[in-house]
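Number of protein chains: 2
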Amino acid sequence: MIEKMHVADLFAFYGELLTEKQKDVLELYCLEDLSLGEIAEDLNISRQGVFDNVKRATKTLESYELKLGLMAKFNSNKMLFNDISQKMNDLSHVIKTSESLKDLKAMVNQVTEDVIRDIHSIEE
Amino acid sequence: MIEKMHVADLFAFYGELLTEKQKDVLELYCLEDLSLGEIAEDLNISRQGVFDNVKRATKTLESYELKLGLMAKFNSNKMLFNDISQKMNDLSHVIKTSESLKDLKAMVNQVTEDVIRDIHSIEE
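The listed protein sequences derive, respectively, from chains U and S. Residues in the first sequence are numbered from 710 upward in steps of one, following the numbering used here. Residues in the second sequence are numbered from 710 upward in steps of one, following the numbering used here.
Copies of the same chain look alike in the list, so a pair counts if it fits in one copy or across any two.
Straight-line alpha carbon distances no greater than 27 Å define the calculated DSSO-like cross-link-like pairs of lysine-lysine that follow:
#1 K764 with K730
#2 K764 with K776
#3 K796 with K811
#4 K796 with K782
#5 K776 with K732
#6 K796 with K814
#7 K776 with K730
#8 K730 with K768
#9 K732 with K787
Note that these hints are calculated values from the structure, not bench results.
Chain U with its partners taken away, still in its complex shape (with noise of 0.2 Å):
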């Protein structure tokens, strides 16, 4: 079977290119995760149509990704915004307990420095 989730990310990303059958093929299939026999009951077609939609569809949202390959660049984007919230998590909790200046500064030199490097890196 196709892997629900990565087809509810592609349709996130790429859905309002599909038509609008496939949106609502999709819909129930990864937002309202409904069963293939479920879908066509719904729909009134058969179970096989409702394969067929689903499988086509998630080709052409594939397709979206492999030439334009947004997904995978907001999810380097959403990572690197995780790994700053730790950091600046972290950060807030090290100073409640940090007792010398000298070795604060040394610590949020050192964060201040990796956050510009990473953020950098993305950019390039």
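Using the hints provided, position chain S relative to the given structure of chain U.
Leaving out everything else, chain S in the frame of chain U:
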């Protein structure tokens, strides 16, 4: 005349979804920065033909952005990354002259809170 920078931005995002011919024309127009007349000469088509191609391709690119809005999202991410970089730079300058542990703690606390809040705000 169609705004070149705007077309170049859209082209960088969705260019791979255009036909080969449209890509050729927009590459010369946006990336090589040639005039319509120069492109016409280069590709051996009429100036009007070049203009029509640029216009149609731009419309196609705009329709992708209208449907997907990924360029707008990316630009928001980029602005936030720039903003975080700036905050890190400011902080690394401040710590050089800071002489009070208490003040430095307050400053770092403010920055970490701001950054975490800004990152959360784009994820909503």
